[in-house]
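*Asks:* What follows is each chain in one-letter form.
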Amino acid sequence: MAGVAVSTTINGDHVEYLCQPDETLLDVLRDRLGLTGAKEGCGTGDCGACSVIVDDRLVCSCLVLGAEAEGRQIETIEGMAHGDQLHPLQQKFLEHAALQCGICTPGFLIAAKDLLAKNPDPTEEEIRFGLAGNLCRCTGYDKIVRAVQDAANVMKEGSR
Amino acid sequence: MNFDPRYSGRSFSSVGTRPIRPDGVDKVTGRARYGADFNMAGQLVGRVLRSPHAHAVIRKIDTSKAEKLAGVKAVITAADLPDLTDGDAAMYDILDNCMARKKALYDGHAVAAVAAIDARTARQALKLIEVDYEVLPHVTDVDEAMKHSAPLINDAIFTEGLEEKPVKPSNVYKRTQYGHGDVHQGFAEADMIVERSFKTEQTHQGYIEPHACVASVNPDGTADLWVCTQGHFVYRQHCAQLLGLEASKLRVTSSEIGGGFGGKTHVWAEPVALALSRKAGRPVKLVMTRDEVFRASGPTSATSIDVKIGARNDGTITAAEATLRYSCGPYAGMWAEIGAMTAFACYKLENVKTVGYEVLVNRPKTAAYRAPSAPMAAFAVESAVDELAKDIGMDPVDFRIKNAAQEGTRASYGPVYGPIGIGPTLEAVKNHPHMKAPLKQNQGRGMACGFWFNFGGQTCTDLNIGMDGSVSLAVGTVDVGGSRASLSLVAAEELGIDYSQVKAVVADTSSLGYNDMTDGSRGTFSSSMATISAARNAIKVLRERAAQMWDIPVDDVVWEKGHAVAKGEKHGNLGKLSLKEIAAQSGKTGGPIAGHSELVADGAGVSFATHICDIEVDPETGSTRVIRYTVVQDAGKAVHPTYVEGQYQGGAAQGIGWALNEEYIYGKDGRLQNPGFLDYRIPVCSDLPMIDTQILEIPNPNHPYGVRGVGETSIVPPLAAIANAVSNAVGVRMTHIPMSPPRILAALEAEREG
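The listed protein sequences correspond, in order, to chains A and B. Numbering of the first sequence is given in the UniProt record's numbering, commencing with residue 1 and proceeding in unit increments. Numbering of the second sequence is given in the UniProt record's numbering, commencing with residue 1 and proceeding in unit increments.
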């Protein structure tokens, strides 16, 4: 099968690649571009471990084709920190121990970033429903919710 | 080495604090490398063909068309994994489970595998493999499988543990019995007896990371395996034996692990990946899909349990009895036996008897799942205990306190307890504000207790001190949930230095001596013991070096708060030497400084927990919502309290999923109908409340810091606590887990119809 030439932007960098027409964005990120931060937990859009942001929209990259990235702006976990400076969500996940095994963490961080971009001051319930598309089997979500609450407070302080 | 593991009652400066874990930044930036995140030059993609039948003879497998497909580099069947198990029945079962030999024994059983240049070619190749099956009758239900009329899964199984060997084979692999006293006499003394039967459905560990490995068998007979596992040393032994490799020539590196919960203590795909690599002459990456994870890995047992408990009107239990039937999948197991051992472990009983039956069914081979077998037994027993308390008019907490095991109690499974936490967790629950909070309409509160043995085992640890004074701690127990932070704290504590000076790593099988796997809640317990021992050996060297630097006898040097100190008035002019100062001079005083430790960590203290749950039930739909949840558990000593809380919360959440939603659903054709996260629904964030925790610390006398394992016990009480809460909310005793909306509605309807 002939490859599809794609020109896109990932974490602010211009990227070009060839992919198969039936290849997912997740496979392109992981297998062609070496961006293994997004994880495949299910391949059916049920677990959120492969979450990325495409043009300000949170998506499961296992449900997006690599070819669909043409001309888009894509954000992955690898672009979340600025140099040595962790994003407040990353810092709060560490401080609250909001991860145990950590396999779901990149997806949660991307989903939480998207949530706070749209709702900077979420209630506990809004956080719980905002992150309901991401599965975690280790934490029981308690410390994840607290980390997101804390990060939201820090980010509000920072933006004042 | 004269290592004294006894509890010393010392005070702590590092242990008990909550620093950030050493592997944390890698995990929040996406840099941490899990099973599927590793690649090798020239790597192929492996895929496995699986049986669509629950039970079928494999007459013939024709791989010729697949082999001819361009890009296919190897196709294997059981013929490529010859039987090298030499009469070891357990290893033979592992081999047969990795690749079916004569019969496919469950939907999802591997029958062939391919390695190809890419995933698309590998998938195409699977479709070209022709398998000629003779489909046989199957059985997936644990009670059905015990009937004489049930299809026979293995005609070489004659029930063990009976007084006389049976004349006919059956699906019951083994009968086991535990207990003491005379239950017949005990029930005769009872004023009130509760007798009930319970069922629990099969669940999966549900780790988010599917099984993944990269295998490379080299032309010189050496091999490398990168894999997500809870025990890379055990994987090395098993893979080497099944492949006919020398264990010493197989190097296994444990990747970061994306959840295990017991499910990554068993080899499945790894011997297959190695066999593919051997045949193709290239490295092979093999990653399971989620569908394969559900159909072919995990799960826990489905169970059917009868419980009978009798008590006097004063609340004293006079006798307790249980019969436990656990599904094992199609191979021998010891799951019912563990259930029989744990069932009544919380109580002080004069007359107790438990009988377990290991039952073969056409489902995936049962794997360990967090305190394996204990949650189902606790569900049955704690439900009956609650009912009995109600029948004799006692508060359920007071009833349990009256009958709780204590130091000196002979456990129902044999040993006599040392200092234990069941009584203190019950007292803490009795006084907890949660127990006094008001409930609204359609809400119910339940509580329950749980027990787990905990395990120690073989452990080997290296502690190396760099010339800059940094400490590198190499451990062999895989870190499944933050143990590198805990073990770094322990090294810092023992050496008297700051946590930031220590970094723990998990070493591969060629870099460290043998370690048992991270199971039985042993990671922090056993590796912290080995770390303390290694640090004490390093301190001995540090003292020798300081003595050399001062030119005084080593016996005059003591180690205090991270420094060598010369004792005695004659050395009054000598200052202190810090670990850093001694390390900086190590090149001149005898070379690198290190401490090593190898030991069998005996004396893992048993663990107890008591949980409280409030639940709201919609009587019209049968849907439920957990509105408040509290975990009280004994940790012995919480090394890193935040990660201890995390274990408590995570176990409770898994228990909530098991109690309310999760189950394997098989069709009449014996095929699994819900092998995905959409239909096998684990709890999501919006399903749960905050999970409150209370850590009790009753020191384990067999560990220098008093540490007990904490990882597993938290999944034992939830099934029962939630069942008791639902039963209290709806006024009907719930006896079948999960308590899904249809089951709750059916129970309500049955009650209405009387």
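Keep in mind that the hints were calculated from the coordinates and are not lab data. Just so it is clear, CB atoms sit at the ideal spot from N, CA and C, and this is done for glycine as well. Misleading hints may appear alongside valid ones.
Here are a few chain B residues that sit away from chain A, every Cβ distance over 10 angstroms (derived from the structure) [claimed, not checked]:
1) T29
2) D306
3) Q501
Listed below are several chain A residues computed to face chain B (Cβ distance under 7 angstroms; list not exhaustive) [stated by the list, open to error]:
4) L33
5) T36
6) V54
7) Q73
8) G79
9) G83
10) L94
11) P106
12) R128
Covered stretches of chain A, as calculated for chain B (at least 3 residues, CB under 8 angstroms) [what the hints assert, rightly or not]:
13) 39-47
14) 130-137
*Asks:* Against this structure, judge whether each hint is valid.
*Replies:* Here is how each hint holds up against the structure:
Non-interface status of B/T29 relative to chain A is broken: a Cβ of that chain comes within 10 angstroms, the nearest being about 6 angstroms off. Separation of B/D306 from chain A is adequate, the least Cβ-Cβ distance of about 32 angstroms exceeding the 10 angstroms criterion. Listed as outside the interface, B/Q501 is consistent with that label: its C-beta sits roughly 19 angstroms from the nearest C-beta of chain A, beyond the 10 angstroms cut-off. Taking 7 angstroms as the C-beta cut-off, the interface hint given for A/L33 is violated, the closest approach to chain B being about 12 angstroms.
Taking 7 angstroms as the C-beta contact cut-off toward chain B, the hint placing A/T36 at the interface holds, the least distance being around 4 angstroms. Nearest Cβ of chain B to the Cβ of A/V54: about 17 angstroms, over the 7 angstroms cut. The hint is violated. Hint status for A/Q73 relative to chain B: violated, with the closest Cβ pair at about 18 angstroms, above 7 angstroms. Interface hint at A/G79: violated, since its Cβ lies 9 angstroms from the closest Cβ of chain B, which is beyond the 7 angstroms cut-off.
Nearest Cβ of chain B to the Cβ of A/G83: about 11 angstroms, over the 7 angstroms cut. The hint is violated. The restraint placing A/L94 at the interface with chain B holds, with a minimum CB-CB distance near 5 angstroms, inside the 7 angstroms limit. Given hint, A/P106 at the interface with chain B, holds; its Cβ is 5 angstroms from that chain's nearest Cβ, closer than 7 angstroms. Proximity of A/R128 to chain B holds as hinted, the smallest CB-CB distance being about 4 angstroms (cut-off 7 angstroms).
A count of 8 residues in the stretch 39-47 of chain A with a Cβ less than 8 angstroms from any Cβ of chain B is obtained; the coverage claim is therefore met, three being the minimum. Under the rule that three or more residues need a Cβ within less than 8 angstroms of chain B, the assignment of the stretch 130-137 of chain A holds, with 7 such residues.
Of the numbered hints listed earlier, those contradicted by the structure are 1, 4, 6, 7, 8 and 9.
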